[in-house]
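Order-wise, the sequence lines are chains C and G. One point on numbering: in our numbering, the residue at position 87 of the first sequence is 114, and numbering is uninterrupted. One point on numbering: in our numbering, the residue at position 46 of the second sequence is 60, and numbering is uninterrupted.
Simulated from the structure, these hints should not be mistaken for laboratory data. Note that the structure is a prediction, hence the values are computed from the model and not measured. Treat the hints with caution; some may be incorrect.
Within a straight-line C-alpha distance of at most 20 angstroms, the following computed SDA-like cross-link-like pairs (lysine to any residue) qualify [said to hold, decoys possible]:
1. K127/G to K30/G
2. K127/G to A145/G
3. K30/G to R144/C
4. K30/G to R199/C
5. K30/G to E52/C
Residues of chain G placed beyond 12 angstroms of chain C at every Cβ, according to the derived structure [as the list claims (entries may be wrong)]:
6. W118
7. L129
8. R138
9. S222
Some but not every residue of chain C turned toward chain G, in silico, with C-beta under 8 angstroms [stated by the list, open to error]:
10. R60
11. S86
12. P88
13. I109
14. V112
15. L156
16. A162
17. H173
18. G181
19. N205
Just so you know, even glycine gets a beta-carbon here, dropped at the ideal spot from N, CA and C.
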Amino acid sequence: MTRTIPEDPPAPDESPSERFVALLEAHRGILRRIAAAYCRNPEDRRDLVQEMTAQLWRSFPRYDERQRFSTWMYRVGFNVAISFVRREAVRARHAAPGDPEILVAGAAATDASPGDRDLRLLERFLAGLEAFDRALLLLYLDGQPHAAIAEVLGISETNVGTRLGRLKERLRRELDENA
Amino acid sequence: MDLEELRERWQEQDRKLDELRRAGARAVRGAAAGRAETAARRAGRGIVFELVLSLVPIFWLGSFAADHVRSPRFFFPAAALDVFAIATVVRLARQRAALSALDWAGPVVDIQKRLATVRLGRARLTLWTLAVAPLLWPPLLIVALEGFLGVDAWAAFGAPFIAANFLFGAAVLGAAVWGARRYAGALEGPGFGRRVLAVLGGGSLAASEAALAEIERYAREDGAAAAAG
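Isolated chain C, as found in the complex (with noise of 0.2 angstroms):
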């Protein structure tokens, strides 16, 4: 299943910040999930996202209205955030041991039921791929086809299939050793 959010064109008497506020609420979740792929720490996530915000606004002048938006989301939300992971003091924060997050999630996780379970071990089997990975993994769960994956991250439909084939493996594998 696609998940797509219908774009109307522009009205005439629309404003390029009225035109970008409604596309980005229209769009707003991507930048959660993205944002919750890559950061644990609830302060990290809401300055990511104001990053992200903040790029996409200054990337909005050249954004062509005939592209899809979620995909010229996409990919300047996974360039931030690769960027800002990959940033030394965010990511000694993001892999602190004890993390009251990561503490909360696991205790949840013991509580709550199977199938609840195996979602929190999909966001910790996500959370602990290398960036790229994350990022075609999010992409799969948010529901977008291969080409698009592909258009995103800038590799082959092939490679797209391959490198999926080889995350579902490993997950089905995390899954089983924790069943």
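With chain C's structure known, arrange chain G on it following the hints.
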């Protein structure tokens, strides 16, 4: 449960989260573009400020060197400092230009490769600056004393003192590199001291090189997959 099922549950959970957040987001809706615009303007002002700040010493040193063109003992230290300052600013400007020409909406692997190249350049520049800084102390002493106080360091302290300072700078540099390599791993956390040790010890450069190599490997695997497909 396989990945297809998990994907459906993931999207279901996500829809619920989106509904919750959408209600809360309405209140801040109008502020998003405003905040983004402010952040972009602040970043732009920062670059201009940095450039102006870098140009002041270049012009001052150039002017000092021109005034002392007939006094090699002042001209050469000032010229060495000016060449160093110009080289640093040119490299910084080139990095800035590469960053501002970057289309963040480009394919992720390609953009990350370009960013990693810029980061590698920055790591090399920082290492070079930190490494050369102790050696620049004697010419800085000569130029600053003459330029600001009208004191001739050669006459006041003598050539042996200046040569000793140069040797001391070289010794400090050697000790700093040795210490950084030995103790870089001992300090924890994201502090300034740890970052300086990481740069001097070559850790930052190695990390930047590793990041670029990782991206290149990812791109190469893409080529291999395409050939196999």
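TODO: Would you pick out the hints that fail for this structure and give their numbers low to high?
DONE: Of the numbered hints, 1, 2, 4, 6, 7, 9, 12, 14, 15, 17, 19 do not hold.
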